[in-house]
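Number of protein chains: 2
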Amino acid sequence: MCHPDAVSASESSPPVCVLGLGLIGGSLLRAAAAAGRQAFGYNRSNESADAARTDGYDADTDLTAVLNRARDTGAIIVVAVPMPAVEATLTKIAEHAPGNPITDVVSVKGEVRDAVARAGLSSRFVGGHPMTGTSASGWSVGEASLFTDAVWVVATDDGVDAAVWSQVTRLALDCGSVVVPAESSEHDRAVARISHLPHLLAETLAITGAAGGDLALGLAAGSFRDGTRVAGSAPALVRAMCEGNRDALLDSLDEALRLLQDARTDLFENSSTATLVDAGHAARRAYDNHQRWDITDVSVGADGWIERMRDAGRRGGVIRNPEL
Amino acid sequence: MCHPDAVSASESSPPVCVLGLGLIGGSLLRAAAAAGRQAFGYNRSNESADAARTDGYDADTDLTAVLNRARDTGAIIVVAVPMPAVEATLTKIAEHAPGNPITDVVSVKGEVRDAVARAGLSSRFVGGHPMTGTSASGWSVGEASLFTDAVWVVATDDGVDAAVWSQVTRLALDCGSVVVPAESSEHDRAVARISHLPHLLAETLAITGAAGGDLALGLAAGSFRDGTRVAGSAPALVRAMCEGNRDALLDSLDEALRLLQDARTDLFENSSTATLVDAGHAARRAYDNHQRWDITDVSVGADGWIERMRDAGRRGGVIRNPEL
Numbered sequence: 002m003c004h005p006d007a008v009s010a011s012e013s014s015p016p017v018c019v020l021g022l023g024l025i026g027g028s029l030l031r032a033a034a035a036a037g038r039q040a041f042g043y044n045r046s047n048e049s050a051d052a053a054r055t056d057g058y059d060a061d062t063d064l065t066a067v068l069n070r071a072r073d074t075g076a077i078i079v080v081a082v083p084m085p086a087v088e089a090t091l092t093k094i095a096e097h098a099p100g101n102p103i104t105d106v107v108s109v110k111g112e113v114r115d116a117v118a119r120a121g122l123s124s125r126f127v128g129g130h131p132m133t134g135t136s137a138s139g140w141s142v143g144e145a146s147l148f149t150d151a152v153w154v155v156a157t158d159d160g161v162d163a164a165v166w167s168q169v170t171r172l173a174l175d176c177g178s179v180v181v182p183a184e185s186s187e188h189d190r191a192v193a194r195i196s197h198l199p200h201l202l203a204e205t206l207a208i209t210g211a212a213g214g215d216l217a218l219g220l221a222a223g224s225f226r227d228g229t230r231v232a233g234s235a236p237a238l239v240r241a242m243c244e245g246n247r248d249a250l251l252d253s254l255d256e257a258l259r260l261l262q263d264a265r266t267d268l269f270e271n272s273s274t275a276t277l278v279d280a281g282h283a284a285r286r287a288y289d290n291h292q293r294w295d296i297t298d299v300s301v302g303a304d305g306w307i308e309r310m311r312d313a314g315r316r317g318g319v320i321r322n323p324e325l
Numbered sequence: 002m003c004h005p006d007a008v009s010a011s012e013s014s015p016p017v018c019v020l021g022l023g024l025i026g027g028s029l030l031r032a033a034a035a036a037g038r039q040a041f042g043y044n045r046s047n048e049s050a051d052a053a054r055t056d057g058y059d060a061d062t063d064l065t066a067v068l069n070r071a072r073d074t075g076a077i078i079v080v081a082v083p084m085p086a087v088e089a090t091l092t093k094i095a096e097h098a099p100g101n102p103i104t105d106v107v108s109v110k111g112e113v114r115d116a117v118a119r120a121g122l123s124s125r126f127v128g129g130h131p132m133t134g135t136s137a138s139g140w141s142v143g144e145a146s147l148f149t150d151a152v153w154v155v156a157t158d159d160g161v162d163a164a165v166w167s168q169v170t171r172l173a174l175d176c177g178s179v180v181v182p183a184e185s186s187e188h189d190r191a192v193a194r195i196s197h198l199p200h201l202l203a204e205t206l207a208i209t210g211a212a213g214g215d216l217a218l219g220l221a222a223g224s225f226r227d228g229t230r231v232a233g234s235a236p237a238l239v240r241a242m243c244e245g246n247r248d249a250l251l252d253s254l255d256e257a258l259r260l261l262q263d264a265r266t267d268l269f270e271n272s273s274t275a276t277l278v279d280a281g282h283a284a285r286r287a288y289d290n291h292q293r294w295d296i297t298d299v300s301v302g303a304d305g306w307i308e309r310m311r312d313a314g315r316r317g318g319v320i321r322n323p324e325l
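Chains as they are written, first to last, in this note's numbering: chain Z, 2 to 325; chain H, 2 to 325.
It should be emphasised that the hints constitute simulated quantities derived from the structure, not laboratory data.
Note that this is a predicted model, so its numbers are computed, not measured.
Relax, there's no trap hidden among the hints.
Ranges between beta-carbon positions, derived for each pair:
#1 R286/H / L251/Z: 26 to 36 angstroms
#2 S146/Z / Q39/H: 53 to 63 angstroms
#3 S141/Z / E270/H: 34 to 44 angstroms
#4 E144/Z / V142/H: 37 to 47 angstroms
#5 F269/H / A89/Z: 27 to 37 angstroms
#6 S186/Z / F269/H: 14 to 24 angstroms
#7 D295/H / N47/Z: 50 to 60 angstroms
If you only want the chain H side, here are some residues facing chain Z, beta carbon under 8 angstroms, derived:
#8 A183
#9 A203
#10 D227
Each residue gets a CB set at the ideal place from its N, CA and C atoms; glycine is no exception.
Here chain Z stands alone, though its shape is the one from the complex:
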């Protein structure tokens, strides 16, 4: 563990090696390059790699060659492949560049962390999750500005390497995001609430509305349109997110089911919706009034920094300044 005071500029801002050039990986390659970082990437398909090269970026379809280059340059490796391809990608990293710093941009952190452990790469791995994206996919829809002002969670798990953690944080800040430090399983529980549960409720509302036929769909206005918007996302993407976060999502879903069952009882027995509606309104106000604040008093690598960083993240703290 080294204190960041001891980390030179080249150590905190090494080259960036992006594996997978879809929407997120492709945008990251562009954003890192735009920030002045040396950046190169790999994609399995010729089509995306060719498109990246045509757009002036450094991309290849030979994973071994790309990983050897990462090893030789000390690059930070960003795993940006879809979850089903993560395990095989980690196996190749373990083979060719086991000493490099590694991060990822997959939306569920627990299952990536477990796969990294199985590949024997935990000591140099710090997970990440930029909270951005669209329902579109592929190199062509990416853009350097995708991460601007987005929240980028940097996994802050027990025993994390301070130098790698700082490198991942620096990369997120270079891409224009603000960093929220959070333990992997806390992240997964939070996104179950605010990202995965919303999808299940939107699908449910869409089905219940459409079951009313053309009369109901013809009367549908803003509340239905907004409440079902994310049901328009590609089912494969929604399933991968939700099923990858199964345990945390089950807990959130059970909370929602209890609230709805209680509301059902209140409406049936008392003809009232007051308990649910008043609490829901207060909760939405809490969201509207939520304020980020800057974490400035935690030195990365100092005694207790991991727990202090996580505590700050829990209380709404974010990092905007790489010189912590």
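Chain Z is already provided as a structure; the job is to place chain H on it using the hints.
Using the frame of chain Z, we list chain H on its own:
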């Protein structure tokens, strides 16, 4: 019952008497006047009536005088007071203008229809529901364009008076809306699905998200923001809508609960969300692809017109032309 061919212009477009000058009633007074209709209104509070007069409209705080004027001019009376004030308003109408055509703009049609029956006014009443509005309220936030391209449901119940039905339809079209004919209880079941259930799900999502504290709220992005938007509406308005439509909302809520319980079982037992997500995506596509079509082949007042009109409404038909 007269066939519309026998209805003169003054009979199909009588003066408009609006009782209640809040967001909907105040906008209706403006829109009717803008369409060239003679229009006058009543509001209980001096403040709104004064504001309406200052804006150049014909408004009064003396309900008896306004109803006597409605009686003398044969005006169509629009009940635009909040649901808790509907009963008392109907009692005054029965006292002073029992022969006038009457409609309303309250969001739940069954409970208004029942109150009208208790007041002995059913024979000259045809309910209405313009599917528009905002969370703001009062004369000052109204505007003539509130109804432009909105859907306006005209209640098409058994035994409805064809002449009054035509007058209500004409008023909605004059205000710039398209008309959907629907039986009151069918309307209430449809809006339970696409307007009231969305509110209960939004409240539930807001509570479950906020229970994750500042970390969860800080990570919340588009899916949470859109899925909880209507939880920002005033609780009193949400409660009035939902509780006024108790029976239909219980049915919709039970459908949603069954879908969510089944999804919970599927996720727990099979680690899958496929059934819910695939059906939800298809339902949202049905909504995106929903097309209105014009009802042109039903003559109001002809044999079987009520059932034919309701059938067309069920299949997505709308009325844009007053000369049916």
